[in-house]
Amino acid sequence: MRLIFPTSGGARILGKSINDVSVHGSIGYLPEQPYFYDYLTAHEVLDYFARFHGLTANDRRARVEGMLKKVGLESAKKIQLRKYSKGMLQRVGLAQAILHRPQVVVLDEPMSGLDPLGRREVRDIILELKREGRTVLFSTHVLSDAEMLCDRVGVIVGGKLRGVGMPGELMEIKSHGMEILFELPNEPSNFPLLAKAARTGERYRVQLPEAELYDAFDQLKAAGARISSVTQLKPTLEEFFMNLVEADRAQAAAVEVSGK
Amino acid sequence: MRNIRAVAANTFREAVRDRVLYNLVFFALLMMGAAILVGQISIGIQQDVIVSLGLSAISIIGIFIAVFLGVALVSKEMDKRTLYSLLAKPVHRWEFLLGKFVGLVLTLAVNTAAMTLGLYAALWSVKRPLEPADAYILVAVYLILLKLALIVALALLFSCFTSPFLAILFTVGLYVTGLFAGDLRTVRGLRMDPSTLQFTRGISYLLPNFQNFDVMAPVVHGQGVPASFVWNATVYALLYTAIVLAGAAAVFSRRNLK
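Chains as they are written, first to last, in this note's numbering: chain A, 395 to 654; chain B, 832 to 1089.
Everything labelled a hint here was simulated from the structure, so no lab data went into it. Quick caveat: nothing in here was measured; it's all calculated off a predicted structure. Every clue listed holds true.
Restricting the straight-line Cα-Cα distance to at most 30 angstroms, the calculated cross-link-like pairs of lysine-lysine (DSSO-like) are:
#	chain 1	residue 1	chain 2	residue 2
1	A	K463	B	K911
2	A	K472	B	K911
3	A	K628	A	K590
4	A	K480	B	K1089
5	A	K463	A	K480
6	B	K907	B	K1089
7	B	K907	A	K480
8	A	K410	B	K1089
9	B	K911	A	K471
10	B	K911	A	K480
11	A	K524	A	K410
Build out the structure end to end from the sequences listed, making use of the hints.
Written out as structure tokens, the structure is:
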């Protein structure tokens, strides 16, 4: 974003060097914890940013109005930003990032500081951008967001890129086994599976290797159980991340012990 | 051009909304007070007092705004991180800088114009009607404005590589030194060795010479200002300001914003 400069090397976006200012016409950027001129209203700040994209006055007005509606700030558009909450500022930030319909959108922690409703709205906007064929790159600490939204994920631990790929690929879709959730009739008979199951309320939960699944079904059928769900146990992105962190720590500890 | 205009307009709007123009109330009160007071003392010096007080106030208030707002132009945007979203737009850093400069100079021009009107109103109230020679006040005001533009450029330059506090200190320091730049040139040091004298003279040509913009004495007494003086001051201010802004742009374009 031309905020810091490389000590060496370079980077390209859309085939153009990042030092080329014209490429910024095709990029949208939301900084982490965005701040805007607090003496302006949301409408004014968006209109101001729109001016740098060479839109006509009519175009600007239409775009700004549309964008305010999209991010749910229409009713607050005449209020100065100094009276906005953090979540509202985040929406203004998102609006200014996508106002000019950029091909590439870079969002730094787009969901931080938002309530559950706001997070969902941001998620919807990101998915909409994706549907429109735009590339969205965003950073997050909430790994479930990444898992839910991303086609490709890069994991950075300790400042180093530790893995890039589809979320599934990254975690080597290797099933950890299956989990069955079931309920039993009032007077349960004893059967081998029950010994392995954990009870929560009315429900029983049991984890077993995939190969034993059909045998388990037979036992449950015989006992007259009602199966609520059968799920494949997959590692989450969070587990993948934690494994990397653990590995890092172990390595650091090893280095410390060996005195290197 | 479009980008510079957008930044300039926003800078002007910021100044207005931050109530910078409220200083005009102070100036108005000062002028009214002076007009009332002068009416009670000797008739002969009424004009002198009003004009010199008015021009001094225009200059001092202007310098105050130029230094403090000039330093804040860029540093505030960096502190508040408002710059981050802006620089992601297709806008060069020098365009941003120039827009900020133009915006503040525009603010100062409007402010100075309003104060000049106040000065004429005070003058009219003590010696109606006004004389043609009173038009020279406009020349003095024009030169003050040139001086203010140069100060803004200096403040901008310093704020690009140092903290706001130091930038204010440097700007004020350079302004005060610049007031004596002409004297440095003609200094006849009795005990100075020739190399020191040469060094002092050399420095005096690098310093912004703010004496170039001072026509207070003739204007207060209703005397004219030679056109060549105004012309020279204009060219000097334009060149010096352009060089300082180019330096500021060069520094700012390389600065890492973390």
